[in-house]
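Chemist: Let's have the full structure, built from the sequences with the hints guiding it.
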Amino acid sequence: MGVYSDKRMDLKIAFSGCLMVVLAMAAIASTEDISSTPTLRVKKVKGKKMCDKGWECKGLSIYCCNLTITDYFQTYQFENLFTKRNTPVAHAVGFWDYHSFITAAALYEPLGFGTTGGKLMQMKEVAAFLGHVGSKTTCGYGVATGGPLAWGLCYNKEMSPSQSYCDDFFKYTYPCAPGAEYYGRGALPIYWNYNYGSTGEALKVDLLNHPEYIEQNATLAFQAAIWRWMTPIKKGQPSSHDAFVGNWKPTKNDTLAKRFPGFGTTMNILYGDSVCGQGDVDSMNNIVSHYQYYLDLMGVGREEAGPHEVLTCAEQLPFNPSAPKSASTS
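FYI, numbering that gives the first Met the number 0 numbers position 32 of the sequence shown as 31, with every residue one higher than the one before it.
These are calculated hints, taken from the structure and not from any lab test.
Errors might be hidden in some of the hints.
Straight-line distance between alpha carbons at most 20 Å, and here's what the computed SDA-like set of lysine to any residue pairs gives [claimed, not checked]: (1) K57 to M229; (2) K248 to L310; (3) K57 to A201; (4) K118 to G300; (5) K234 to E211; (6) K48 to P160; (7) K257 to S273; (8) K248 to G300; (9) K248 to M120; (10) K257 to P231; (11) K118 to Q76; (12) K257 to D279; (13) K257 to G271; (14) K42 to M120.
Derived DEER-like restraints, expressed as beta-carbon distance ranges [claimed, not checked]: (15) N284 to S161: 16 to 26 Å; (16) G117 to V88: 14 to 24 Å; (17) G298 to Q162: 34 to 44 Å; (18) P177 to G117: 46 to 56 Å; (19) D167 to K43: 25 to 35 Å; (20) G298 to S321: 36 to 46 Å.
Quick reminder that beta carbons are idealized off the backbone N, C-alpha and C, glycines included.
Modeler: Following this line, the structure appears as C-alpha cells:
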C-alpha cells in the first residue's frame, strides 16, 4: 500500500506540475490576446498598406494596420477612469462596462477612432472622447468621495426632464412618436426628436419610435456617442475626431475665430456657444478637467493636452451660433 501511495503521490505531483505549466502558458496566451490583436489580413490597395484585424478592426483599412484600442486601453484602465459608476448612490449601476465600450468602438476603429496616428495620439483621442462622456454623465461634486472627477458614467439618462423635447418643426421629417419621450439619454446625451431620428438613421436603429433603446443598451449608447464624435454636425465643418487628431485644416476664417485643431474645438463642435466663447467658465473647465484627469490616469500625462488656446474654447467663436428656438432649422 505504501509503495502504491508513493506512486500515486508522484503522479499527483507530476500532474500538478504539468497543470501549472499549461495554466501558465494559457495565461501568457491570454495576455497576448488582450495586448495585441493579430493582423489577419494585409493587402496593398493603390500602393497603400491596408489591414483587417478581425472583430476589433474589421474590413481593410489603413487604420487597422496601427494599434487597436485593446492594445493600449484595457479593462483595468476603464475601471480606473470610472471608479464610482457602480456605487450604490450612482444612477446607472451595472449599466456601463468596458466590453460595451470596446464593442461599440470596434465599429469605428476602421474609420480611425482610437487608431489614428501613433500610440500617443491614439491614447489622447480615447481620453478626449471619454473626457466628454465622463463630464456629461457625472454625478460628482466638490467634496464627493474620490474627488468630483471620479464619478463619470453615473447616469445613462436625464433624471428630471424639464420639457418634452418634441419639436414640431420636424413633424414631416422626424415626427414625434405617440408616447415617446426624447429627454437626454446616452454617453453623449441625445435630446430632441430630430437628433434621435438622425442618429437612428445613421445606426440603422429605430430611435425615433424607440428612444428608450439608448438607456437599455450600453453598447448602443456608446455607439451613438462615437458616431456623434466621428460625424460633422454640418457639411463643411469638421467632426470632433478630425478636429482632434489634426485631419482638419482651419480656414482663414477659422483662424480669425481662434478655432485650432485640438480638444478645445471638439467642445465647440459638440456644444457651441453654450460652452465656448465665454472665457474660462465652469461648464467648459469641467469638461477640460475630465480630459486632463483621464490623461493622467492612462499614463499619458496632462502636459500632453497642449496650451490653453488648444485645450480650451474660451475665446473661440462658435461654428453654429445659437438661434431662437422658433427660428431653429437644425
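Chemist: Tell me if the beta carbons of P177 and G117 are separated by a distance inside 46 to 56 Å.
Modeler: Between P177 and G117, where Cβ atoms are some 51 Å apart, the hint holds.
Chemist: Regarding the pair K257 and D279, is the alpha-carbon distance no greater than 20 Å?
Modeler: The hint holds at about 15 Å.
Chemist: Within 20 Å, alpha carbon to alpha carbon, are K248 and M120?
Modeler: Holds, because 17 Å separates the two Cα atoms, which is no more than 20 Å.
Chemist: Taking 34 to 44 Å as the stated bounds, is the beta-carbon spacing between G298 and Q162 within them?
Modeler: Holds, at about 42 Å.
Chemist: Does the Cβ-Cβ separation between N284 and S161 fall within 16 to 26 Å?
Modeler: 24 Å, holds
Chemist: Does M120 lie within 20 Å of K42 when you go C-alpha to C-alpha?
Modeler: The hint is violated at about 25 Å.
Chemist: Is it true that the C-beta distance of G298 to S321 lies inside 36 to 46 Å, as the hint says?
Modeler: Cβ of G298 to Cβ of S321: about 38 Å, so the range 36 to 46 Å holds.
Chemist: Mind checking the alpha carbons of K257 and G271 for me, to see if they're no more than 20 Å apart?
Modeler: Distance ~13 Å between K257 and G271 Cα, so the pair holds.
Chemist: Does the structure keep K118 and G300 at a Cα separation of 20 Å or less?
Modeler: Within the cut-off at roughly 14 Å; holds.
Chemist: Quick one, are K57 and M229 close enough, alpha carbons at most 20 Å?
Modeler: 17 Å, holds
Chemist: With respect to the beta-carbon atoms only, verify the hint that D167 and K43 lie 25 to 35 Å apart.
Modeler: Since D167 and K43 have Cβ atoms about 53 Å apart, the given range 25 to 35 Å is violated.
Chemist: Verify the proposed pairing of K248 with G300, using a straight-line Cα cut of 20 Å.
Modeler: Judged against 20 Å, a Cα distance of about 26 Å means the pair is violated.
The structure shown violates the earlier hints numbered 5, 6, 8, 14, 16, 19.
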